[in-house]
Amino acid sequence: MEVNFFSSLAILVFLKTATLIILALYAIFAIMIVRQVDLMGKTLISSISPTIKILAILHLLAVLALIVLAWGIL
Amino acid sequence: MFSSYLENPQDYRVEGQDPDEKILLLLRAHPITNLSWILLTLLTLSLPFMIPKFLPFLGIQLNSIPYSYWLVFLIMDFLLALAIIFEGFLYWYFNVYIVTTKNIVDVDFHSILFKNIDVAPLRNIEDTSSSMGGILNSIFHYGHVFIQTAGASKNIDLHSVPRPHHVADFILDEAHKFYGS
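Which chain is which? The protein sequence lines are A and B, in order.
Position 7 of the first sequence, counted from 1, bears residue number 7 in this note's numbering, the numbering being contiguous throughout.
Position 116 of the second sequence, counted from 1, bears residue number 116 in this note's numbering, the numbering being contiguous throughout.
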């Protein structure tokens with residue numbers, strides 16, 4: 001007999017909480033990447049450093065957007 | 001720009017570089033050393049295709065998972081892959097060895113929080129040696145260069161750099177210019 005785990009509200013709430021905690025940790029990681037890219041760009045100054053910094057910020061914004069999305073749809 | 005062996009690069013500067021100091025050689029690990037994180041990225045990207053095949057063994061049907069959860073999982077998976085690519089590239093791109101007209105600079109970012117810069121003046125260099133061993137090293141022609149410095153200065157090791165024997169010779173030639181021999 002197949003058991004549908006996802007029909008239980010408790011499991012769905014647990015999954016939503018776990019997902020949001022993982023995403024929050026991931027956002028901290030993304031903030032650290034922005035800081036790290038800033039440090040790296042000051043240590044080795046090259047023509048693509050500003051581009052990498054913009055990518056790091058876009059990555060952080062994508063994570064923040066995903067947190068909002070997950071909060072809304074889960 | 002993304003080369004691992006650059007002679008006289010024009011668009012690079014390193015922290016603490018003097019106005020009259022010029023970069024002669026900029027080295028990174030050989031691009032093939034990125035293979036590990038590229039494979040990890042491919043594995044991460046393949047997860048959404050592999051997981052549905054394993055779910056029935058756990059007694060879970062794919063269509064029983066709410067669409068919103070599956071969507072968030074997919075986006076998280078792609079973000080994780082993006083993070084692996086980003087970190088892998090950053091470590092490769094910014095971990096450099098630089099030979100200037102005055103110094104050898106070893107810039108190391110050990111992890112996301114630790115930065116280490118070793119600087120050895122060229123006049124302190126006593127000896128260089130190089131080694132190359134292993135299948136990938138032999139095929140792609142990269143290896144390690146060990147630089148012995150005088151006094152209390154820390155020895156500098158260049159890991160997985162292209163053309164190691166040539167680099168060792170180049171550094172020793174530059175050091176000899178200080179001794180006039």
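A portion of the hints provided could be inaccurate.
What the hints assert, rightly or not - Think about it this way: if two alpha-carbon atoms lie no more than 25 angstroms apart in a straight line, the pair counts; the simulated PhoX-like pairs of lysine-lysine are:
hint, chain 1, residue 1, chain 2, residue 2
1, B, LYS115, B, LYS22
2, B, LYS115, B, LYS154
3, B, LYS177, B, LYS154
4, A, LYS42, B, LYS102
5, B, LYS102, B, LYS53
6, A, LYS53, B, LYS154
7, B, LYS177, B, LYS115
8, B, LYS22, A, LYS42
9, A, LYS42, B, LYS177
10, A, LYS42, B, LYS53
11, B, LYS115, B, LYS102
12, A, LYS16, B, LYS177
13, B, LYS154, B, LYS53
14, B, LYS177, B, LYS53
15, B, LYS115, B, LYS53
16, A, LYS53, A, LYS42
Just so you know, these hints were derived from the structure itself, not from any lab.
Checked hints:
1. B:LYS115 / B:LYS22: OK: B:LYS115 and B:LYS22 at ~23 angstroms, within 25 angstroms.
2. B:LYS115 / B:LYS154: Cα-Cα ~16 angstroms, so holds.
3. B:LYS177 / B:LYS154: Distance ~21 angstroms between B:LYS177 and B:LYS154 Cα, so the pair holds.
4. A:LYS42 / B:LYS102: holds (20 angstroms)
5. B:LYS102 / B:LYS53: Roughly 59 angstroms separates the two Cα atoms, so the pair is violated.
6. A:LYS53 / B:LYS154: Violated - the C-alpha atoms of B:LYS154 and A:LYS53 are around 32 angstroms apart, more than 25 angstroms.
7. B:LYS177 / B:LYS115: violated (31 angstroms)
8. B:LYS22 / A:LYS42: holds (18 angstroms)
9. A:LYS42 / B:LYS177: Status violated; Cα separation ~30 angstroms.
10. A:LYS42 / B:LYS53: violated (46 angstroms)
11. B:LYS115 / B:LYS102: holds (22 angstroms)
12. A:LYS16 / B:LYS177: violated (65 angstroms)
13. B:LYS154 / B:LYS53: violated (53 angstroms)
14. B:LYS177 / B:LYS53: violated (64 angstroms)
15. B:LYS115 / B:LYS53: Violated, because 42 angstroms separates the two Cα atoms, which is more than 25 angstroms.
16. A:LYS53 / A:LYS42: At roughly 11 angstroms apart (the allowed maximum being 25 angstroms), A:LYS42 and A:LYS53 satisfy the hint.
Violated hints, in rising order: 5, 6, 7, 9, 10, 12, 13, 14 and 15; the structure is consistent with all others.
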